[in-house]
Amino acid sequence: VEDRLEAWMDGRVQGSEAEDVARHLESCFRCSAELARLMGQDEKLRAALRDDPNPAYFDSLEKKVMSRLVVDRARDSRSHTRNRALVRLAGLAAVIAAVSMAAVLGMREGGGVDWLRATLAKQKASRAQAPAEPAQEQTFRESVDQDGDAAPPASPGKDGGERKEGREVWSSRSGSADAKKVPTVGSTAAPAGPAAPGLAARSGRAVEMTVPTRPGEESVRKTAPTELERQRSAASAPAKSSAAPPVFATKPQAAQPLAADDRTKQRDEAANVRSNEKAQDQVSGARTDANKATAAREPSSLEAAAANVQVCGKVSDPQGRPMAGAQVVATAFGRISRTDAAGGFCLELPPGRHELRAMSVGYNTAVTTFDVGYGGMRDADLTLAPVPALGEGMRLPAAGQAVPPAAADSPASTLGPYTRSTGRKVAAPPPPVPAAKTLSGMVAAGIRSEPPPSVMAAQAAELKAIELGTALAWETAAFSWNRAFELLQGGPFDATARAGLAECRYRAWKIMPTPTRARAASEALTSFLVRAPHGPARDRAAAWAEDLK
Amino acid sequence: MNEAARRISQEAPGDEGDLVHRAQAGDHRAFAELVRRHRRPVYRICYGLTRSHEDADDMTQETFVRAYQALDRFRVGEPMLPWLARIAINQSLSLHRRRKRRPETSIEPLVEAGRQWGTSDDPAAATVSAEERRQLLAAFEQLGMEHRAVLVLRVEQEMSYDDMAHAMNVPIGTVMSRLARARAELKKRLEALRGKKP
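Which chain is which? The protein sequence lines are A and H, in order. Going by the numbering used here, the residue at position 389 of the first sequence is 390; the numbering climbs one at a time, nothing skipped. Going by the numbering used here, the residue at position 95 of the second sequence is 109; the numbering climbs one at a time, nothing skipped.
No lab work stands behind these hints: they were computed from the structure. Don't take every hint at face value.
As the list claims (entries may be wrong) - Residues on chain H that point at chain A, a partial pick, calculated with CB under 7 Å:
| # | residue |
| --- | --- |
| 1 | ALA46 |
| 2 | PHE78 |
| 3 | VAL79 |
| 4 | TYR82 |
| 5 | LEU85 |
| 6 | PHE88 |
| 7 | LEU150 |
| 8 | MET190 |
Values in this document were obtained by computation on a predicted structure and should not be read as measured data. No residue lacks a Cβ here, since even glycine has one placed at the ideal position from N, Cα and C.
Could you put the whole structure together from the sequences, leaning on the hints where they help?
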């Protein structure tokens with residue numbers, strides 16, 4: 002069984018074999034303790050490893066990947082037949098753009114005509130010599146070079162507007178590698194200025210494709226935002242609206258050409274983004290605090306500025322029954338809501354992809370990812386179905402209601418009643434204890450604030466232990482309290498967790514007394530007694546401690 | 015479940031095959047959507063393997079770029095994340111080998127740097143004691159790349175054994191034994207670290 006313990010914990014062991022393991026766990030303290038340790042280790046590691054960067058990072062990541070694809074595709078076009086047509090198109094677009102730019106420069110400066118002629122002649126010659134693809138690719142490469150060098154020979158007195166045009170040529174060329182027709186992008190050429198009507202018209206033709214999303218382009222584009230831009234601006238709106246540095250707009254040379262070997266620039270950019278994200282992080286942190294202060298119901302002006310969308314949903318259990326009081330968290334934004342009596346909840350979220358977690362006492366956290374659309378209210382139901390953490394048969398009692406004794410009929414429970422296991426003679430399980438009468442319940446009674454999730458989970462585990470009345474169930478609850486205790490690190494519920502741990506350890510010992518359990522129970526009771534105030538809870542714990550001796 | 019909820023639950027994983035088909039045909043936007051869907055888990059896997067944001071950032075990009083290049087070989091209908099994970103793991107292994115050959119570029123993690131601007135997903139994670147977390151991560155970082163990989167896939171990504179076998183390109187039996195060894199090794203190293211503390 003020890004060999005199968007981990008596989009069992011990971012859900013790999015099924016059917017009768019799984020029942021065997023569960024049965025063994027009820028009688029073997031060593032295995033159940035090892036299981037608890039393994040679960041604890043995994044859980045802590047999971048929490049430690051989930052150390053995500055700011056959500057804005059993931060947007061920038063996607064953009065970086067897509068930019069690299071364009072560059073890599075152009076570079077590797079020989080080995081990728083799929084891309085050949087695209088690159089050919091790219092080369093053509095570049096030639097058109099370069100020619101139009103050169104024409105404009107020539108018209109304006111009168112100095113670039115010779116260069117333009119030379120270029121045209123060269124291109125014609127290369128096309129005539131090798132009409133097949135390689136020539137096209139060469140043209141493409143040449144145009145890359147020309148792109149970088151075009152301005153200096155043509156225009157000693159070039160101004161900023163022309164520099165911009167040069168870059169637009171790049172945008173349109175690399176964009177054409179996408180070969181996706183998005184007419185709005187054509188407008189990128191429009192700001193080039195009234196002096197270049199021909200360019201605007203021609204470039205408009207050349208750039209009828211999606212420009213790969215490069216962060217800086219925003220600062221050049223002036224009209225007709227694409228859907229992607231709207232998405233991006235929505236994502237970064239909170240930062241912008243609070244006068245924090247915008248995520249992408251601070252790069253001074255925003256629209257410079259992205260050379261094929263220009264990874265270092267990307268890195269710089271990434272660093273830039275990162276530093277901005279830090280600022281954004283602080284802003285979002287402040288926002289979360291503000292939210293807390295304003296009871297998180299009223300959307301703040303920041304949120305309003307972010308054009309949030311109201312997302313409503315419903316949390317239900319696997320049987321489809323609504324779950325009241327479940328906590329729903331939009332993890333990336335730290336927004337929290339609680340479900341009402343009908344299991345409904347609403348959250349204000351910016352457009353984009355979100356991860357929602359639903360948590361409820363005694364149930365596993367359910368996670369779902371979904372997209373919030375752009376604009377307008379969204380009224381979509383999301384059904385998160387938390388799974389009972391301690392077996393399917395668990396039913397939480399209403400507050401104060403006594404729990405029925407060990408449910409022998411609990412259907413898919415992996416933690417069956419202890420009496421099923423071995424023929425060993427053991428002490429009879431203690432009579433069921435009403436929820437409010439547990440030691441932890443008594444201690445927690447005086448605390449006004451709402452218990453944190455870890456405490457609620459432990460309370461549920463304890464209720465389950467009361468219901469099942471098995472040593473393993475008490476051990477599990479003890480583990481849960483121990484975890485709550487570790488997570489709390491003091492605070493008002495510290496004594497509650499100590500009390501819970503003490504009671505669970507004591508009851509586990511009571512059902513199946515072993516020296517290890519006696520020691521564990523004694524430690525836990527002592528740990529509670531050193532902090533417990535005078536009162537019935539302390540008296541009871543003291544009596545248990547006596548019992549142990 | 016009402017109509018809208020059903021639609022959303024169907025939308026989530028349902029049309030991945032379609033996206034792959036479109037991306038294989040050269041649809042850039044379809045591939046962008048695939049990146050969007052898997053960027054977070056892939057980053058997390060890379061970060062788990064390298065424990066450095068810089069490396070994870072590079073490796074995540076590289077994973078998607080290579081995935082795109084190899085997209086024709088991806089069999090539609092299979093889950094995509096294990097396939098991406100395999101690419102990421104292969105990269106981390108070769109990165110590790112390279113770094114081993116050139117010890118001056120240390121693979122030592124920049125945990126602090128990463129954390130400075132990182133935000134945690136999990137509300138509970140914030141409350142885990144900083145010291146405990148530090149020790150756990152220190153122990154984790156002492157593990158070999160294979161052990162890290164198996165732990166990241168199982169513990170952090172909660173992948174099934176089948177998917178893990180696919181991601182690591184080993185039989186399921188190996189997944190199980192490797193996972194057991196990794197967990198035991200983590201425990202051992204954690205205890206060693208705690209033992210050092212007064």
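To see whether the hints hold, each was checked on the structure:
1. Here the hint on H/ALA46 is kept, as its CB sits about 6 Å from the closest CB of chain A, short of 7 Å.
2. For H/PHE78, the interface hint holds, the least distance from its beta-carbon to any beta-carbon of chain A being 4 Å, beneath 7 Å.
3. Because the smallest distance between the Cβ of H/VAL79 and any Cβ of chain A comes to about 5 Å, under 7 Å, the interface hint for this residue holds.
4. Checking H/TYR82 against chain A: minimum C-beta separation of about 6 Å stays under 7 Å; hint holds.
5. Violation of the interface hint for H/LEU85 is found here, the shortest Cβ-Cβ separation to chain A being roughly 9 Å, above the 7 Å cut-off.
6. Residue-level restraint check for H/PHE88 is violated (minimum Cβ-Cβ distance to chain A is 14 Å; threshold 7 Å).
7. Because the closest C-beta pair between H/LEU150 and chain A is about 5 Å apart, less than 7 Å, the hint holds.
8. Checking H/MET190 against chain A by beta carbon gives a least distance of about 6 Å; that is within 7 Å, so the hint holds.
When the structure is compared with the earlier hints, violations turn up for hints 5, 6 and for no others.
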